[in-house]
Each structure stands twice: as structure tokens, then as C-alpha cells.
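**Q** The chain contents come next:
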Amino acid sequence: MDSGHGLAIRCRALTKSFGRGETEVKALRGVDLDVPLGELLMLVGPSGCGKTTLISIIASVLDHDSGLCEVLGRDLSELSAVEKAALRRAEIGFVFQSYNLIPTLTSAENVAVPLLLNGHGRRQALAKADKLLESLGLVGRGASQPSDLSGGQQQRVAVARALVHEPRILVCDEPTSALDAVTGDNLLRLLREIAVREGRALVVVTHDSRIFKYADRIATMNDGQIVNMEPAV
Amino acid sequence: MLRIALIMLVNDRGKYLGIVAALSFTAFMMVQQPAIFLGILSRSTAVITELPIVDLWVVDPKVENVDDAKPLQDTQLYRIKGITGVAWAVPLFRGTIKARLADGNFVACQIIGIDDASLIGGPSQIAQGLLIDLRKSDAVLVDAASAKGRLAQPGAAGQATPLGVGSTIELNEKRATIVGLHLGTPSFQSQPVIYTTYSRSKAFLSSERKILSFVLVKLKQPSDAKRVAADIRKYTGLAAYTSEEFRTLSKEFFLFKSGIFVNFAISSVIAFAIGGSIAGQTFYNFTLDHLRYFGVLKAMGATNRLLFAMIALQAFTAAALGFGIGIGAVSFFGSSSKSSPIAFELNLWLVAASAAAVILVSLLAAALSARPVMRLEPAAVFRG
Chain A
1 MDSGHGLAIR CRALTKSFGR GETEVKALRG VDLDVPLGEL LMLVGPSGCG KTTLISIIAS
61 VLDHDSGLCE VLGRDLSELS AVEKAALRRA EIGFVFQSYN LIPTLTSAEN VAVPLLLNGH
121 GRRQALAKAD KLLESLGLVG RGASQPSDLS GGQQQRVAVA RALVHEPRIL VCDEPTSALD
181 AVTGDNLLRL LREIAVREGR ALVVVTHDSR IFKYADRIAT MNDGQIVNME PAV
Chain B
1001 MLRIALIMLV NDRGKYLGIV AALSFTAFMM VQQPAIFLGI LSRSTAVITE LPIVDLWVVD
1061 PKVENVDDAK PLQDTQLYRI KGITGVAWAV PLFRGTIKAR LADGNFVACQ IIGIDDASLI
1121 GGPSQIAQGL LIDLRKSDAV LVDAASAKGR LAQPGAAGQA TPLGVGSTIE LNEKRATIVG
1181 LHLGTPSFQS QPVIYTTYSR SKAFLSSERK ILSFVLVKLK QPSDAKRVAA DIRKYTGLAA
1241 YTSEEFRTLS KEFFLFKSGI FVNFAISSVI AFAIGGSIAG QTFYNFTLDH LRYFGVLKAM
1301 GATNRLLFAM IALQAFTAAA LGFGIGIGAV SFFGSSSKSS PIAFELNLWL VAASAAAVIL
1361 VSLLAAALSA RPVMRLEPAA VFRG
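As they're listed, the protein sequences go chains A and B. Residue 29 in the working numbering sits at position 29 of the first sequence, and the numbers go up by one each step. Residue 1354 in the working numbering sits at position 354 of the second sequence, and the numbers go up by one each step.
In short, the hints are calculated from the structure, not lab data. It cannot be assumed that every hint is accurate.
Claimed, not checked - Among chain B residues calculated to face chain A with C-beta under 7 Å, some are:
hint, residue
1, Leu1291
2, Tyr1293
3, Phe1382
To be verified - One-sided and incomplete, this derived list gives chain B residues near chain A with beta-carbon spacing under 8 Å:
hint, residue
4, Ile1004
5, Leu1006
6, Ile1007
7, Asp1116
To be verified - Not close to chain A: a few residues of chain B, all C-beta gaps over 12 Å, as computed:
hint, residue
8, Gly1155
9, Gln1191
10, Phe1253
11, His1290
By construction, the Cβ of each residue, glycine as well, lies at the ideal position given by its N, Cα and C atoms.
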């Protein structure tokens, strides 16, 4: 599935605008980006610089206007909506800023959702979800509702949900914004261990400079462009 | 994923119960009101149903229903008896009379005068006394419910004494002795029903010159009904209907000419509109509350088709439960009102119509609720 160069994501001259005429906002102005498998890339920059637009396109939840965006070797502009949904289902894991756990489901059910979407049986999916939750330090919390968990625990449930179906790409949007410093630090260490070690590509949008040390590279965006790309210190 | 949809629905207790309650109300009202109407409709034709022995009902051609008796001349009875194919023909009077209670109040009653000789036309069930006792002087049969209720003798302490065999009542200023209590189906107007002989009913209503309401005909060959009915029309100018035809004629009158159907239909439509809109609105709100999570599912790769199936399943589940509770409540209402004067008749058509209405509500709710989910861009989940 990948491009053959170990690339998870390849973007060339990627553009995206919102609105038309005088109200048109150019969110991306020709972005070039390569993210190989096994790398943790952080996207940083001021609000409105295009970070969220870029990860939305990479995650195939938003269509770009022009340029090229290949995910695991597949040109997104050539995929139908159903094919994109299938790509997301199988190959992309999501960690959202506000966790976005479904409050009426238990932690294990939340984690099992990607497996169920991929056609796994309920029992098998819940067993795998429970196992993963335990490996993330949430022993015996599978039956808990998200509202019964702390912010850090909820984010770990969200990480488990992003990983459970073993996707090759993880897209994380401000994963530490609602967490304290220690919990955020633990989360990134966990993501790095579980995801990168297993050869996945991680794209993390963040403002949190405390976690920059976990990145392989940091791409700084401004006004719809990547203005700087450097390895993390 | 469909099970996940159900868990999402059931675990949002407040909205779930609200939707189910609204659909239960819709199902209940949509069935209960028409069931009462059907019960009333059945009562209107009970006099026909309870006389299965009769093959033809002969009436004035202008008669539109069984309660609309237009008096015939007694001589018509003899002319009908002479028509070929008629085994026997007996008179039946059906009219109203005022009963005077001991406290001076009057109660309008239905009085039925049956053939003196054969007593054909009497009530189908008798609780106390004997039908044959109608041959005694001043004898009448009173329905058991009215004997305990509307015709009961008012007592000094406010407690009414039920009428029984041997009690007397005053009908049109004439004394009548109760010789039995019957269990006949109440009339359309739910008035007390008093049976007596045809000749005695004439005496009770001495001011009326003609009282013959119907001629009840038994045929030698029931298959000859059409020919005999045509002959009756030809030789007497009267209309003759089989029991089924007369029942249909009466029901159609009450359905389409009485206005009562419109009243009940309006009740049902209002129930459908109110219950349906509350259920639909609550379900729509439920979906909107979960819009963010449907967006998450969409981002994670759920197709619109799957999301619609989830929403439809949630709607149908709530509908099935609401319908079940509503129909259960109607059945309970029906069984507990058996011993009361409330008319009630539940049939499969009503249940099916209610099911269709509840399904329609849930379909509309699902379709409306699914719209924002279908239109939702999965990228919205990244916008906080």
C-alpha cells in the first residue's frame, strides 16, 4: 500500500481555500511534506496557520483544492468518498483534542468502535479493547463510562481507540491541550513507544512546547505554508 | 455497530424515555379513540347482531340506520307474511320512552316491543328472571347495568337501591313491573334498554298511532333472500335488508353522516400530530446531541449508509417499544372497561393502522434526524 519509499504521507504543492471572492481564505498555499513510516512529526504554528486543515486533508476527512496528497501511496484526489472512508477505517487512527469519546458507551466499547467498523465481531473487539486498555495502564476500567475517568485516563482511552485497529498512520490534534504537564508528558511517551516503535507515522498538531522533545521533526507553519522544518532537539 | 447504536440510544435515559413515552402516547391515543368509536358503532348495530335468527329486516325505505325507525302500519306485517318464501314474520318496536324515578326525575329509555306470541326479538342474555315472564301483566325486562345505575331508586341517604325482579317503575305515566334483568349490549346512546311485548309497548305509548318499527322475517330458504326482498319491495313498497346489509347501512350512516366519526378522527389526528411531533422533536434533539459523535464515527470511517442504518435502528427500536407499551395500555384499558359503560372494540386493523402511524413517525424522525448527520463533514471533528 505504501509508496515504496517507506513514505506514509507525501504532499506536493497542496492548496486549500475556504469561501469565495472577497471572503476567500487561503488555508494552505502550496504545502510540500513527506512523513515516512516510523516518524513522529509535530506540526506547530500560530492559530489559523493551516495546521488543522493540513491534518484534515492528510486524514482524508477534507478534500484539497490542488496539488498532490498521497497517503500510503494512494492519491486522495482519485479516491471516492466511500474509498476514503475505507482508507480511514483501516489505516488511520485519530486522537482528538477533546477526546471525543462517546459518553453513552463504556471505555471498552469506545475502544472497540474502530474494530467494529472494520467488521470484527463484538466479543472479539471488546476482548482486544480490554487487553489494549490494560496495556495502557487502565486495568479494570473497560466497563467505566468516560465520565468516570480523569482527563488523562480519557485521553489514554482515546489513544487506545486510535491504535486498536493497528493503523499505519496516527493523526493527533492537540492531544495534550486538556492535560497537565505530567500527564501530557506521559501521553506523548506512550504514543512514541507504542506508535513509532511499531513503525507507524504520527502527525501531531500541537502548541505545547513541552512535548516537542518527543518529535523526530518539527514542521513550523505560518500563513498556510511550512516555513521551517527541523529535527527536534 | 448497530448494537453500539442501541447502546447509545438506551444509555441516554432521559431522551430515550421521552421518545418512548411520546410514541406510547401516540399509539395509545391513535388506537384508544377509534376503539371507543368502533365500540359505539358496534353498539349501534347490536340489536341486529343479537338477533341472528332473523333473515330479513323490513323497514320504511327512507330508514338510514337501525336507530332511525320510521313507523309502519301494522297491516304491512300481514302483507309480508303473505309473500312466498316467508316462513314467519313478527313485529318489533324500537323507540324511546321516559321512565319516572321515585325522586321525580325522568330518564329517557329505549323501549323494545317484541312479538307477544313468539317473544322473538328478546335480549340474548338474561341475568335474572325469565323471558316468558314478559307475558305477565305490566311486565318489562330492564338491562342489569341500568337497574343498578341510572334507573336505581334514589335513597334518602344518597345511596341508590338497585331495581330487581318485582320492582316497579313508571313508564309514560303507566306502571311497569320488572320481571327480569337482561344483559343486552347497550344502545348507541347508552340509554337504559327496556324490553316488553309489542302490544304492551303500544299501551305504554298510547299517544302514538303507528309504532311498528321493523318487521322481522324468517325465510323458508335463506338463499332466497334477494328474491324475497325484491318481492317485499314490490308488494309493500318497503325496504328489506339482510342482517349484514342492514348492519352495513347503519354503520355507514354513523360513519359518514353522523359527524361522530369526524370527531373521533380529529382526536386521533391530533394525537398523531402531538405525539408524533414530540417524539420526532425529541429524537431529532437526541441525534443533534450526538452529532459530534456521529462526526467522530464518520471520521473513523463509518459510511453515511451505516450511520443512517444506526439512526433508523434507533428510531425503529424506540417506535417498537413505544408502540408495544401504547397497545398494551390500550388493551389494559379495554379489558378494564369491559364491566363499565364505556364502549370499546379493538381489532387488528386498528392495531395495524397504529403500527403504521408509529412507523411513519419513526421513519420521518429518522429521515429528518439523519439529514444533519449525512451532511456533516467529518473534518468538523477537528474544529473542537
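**Q** Compare the structure with each hint and give your call.
**A** Here is what the structure says about each hint:
no.	hint	verdict
1	Leu1291	violated, 12 Å
2	Tyr1293	holds, 5 Å
3	Phe1382	holds, 5 Å
4	Ile1004	holds, 6 Å
5	Leu1006	violated, 10 Å
6	Ile1007	holds, 6 Å
7	Asp1116	violated, 76 Å
8	Gly1155	holds, 62 Å
9	Gln1191	holds, 57 Å
10	Phe1253	holds, 55 Å
11	His1290	violated, 8 Å
Of the hints listed earlier, those the structure fails to meet are numbers 1, 5, 7, 11, in rising order.
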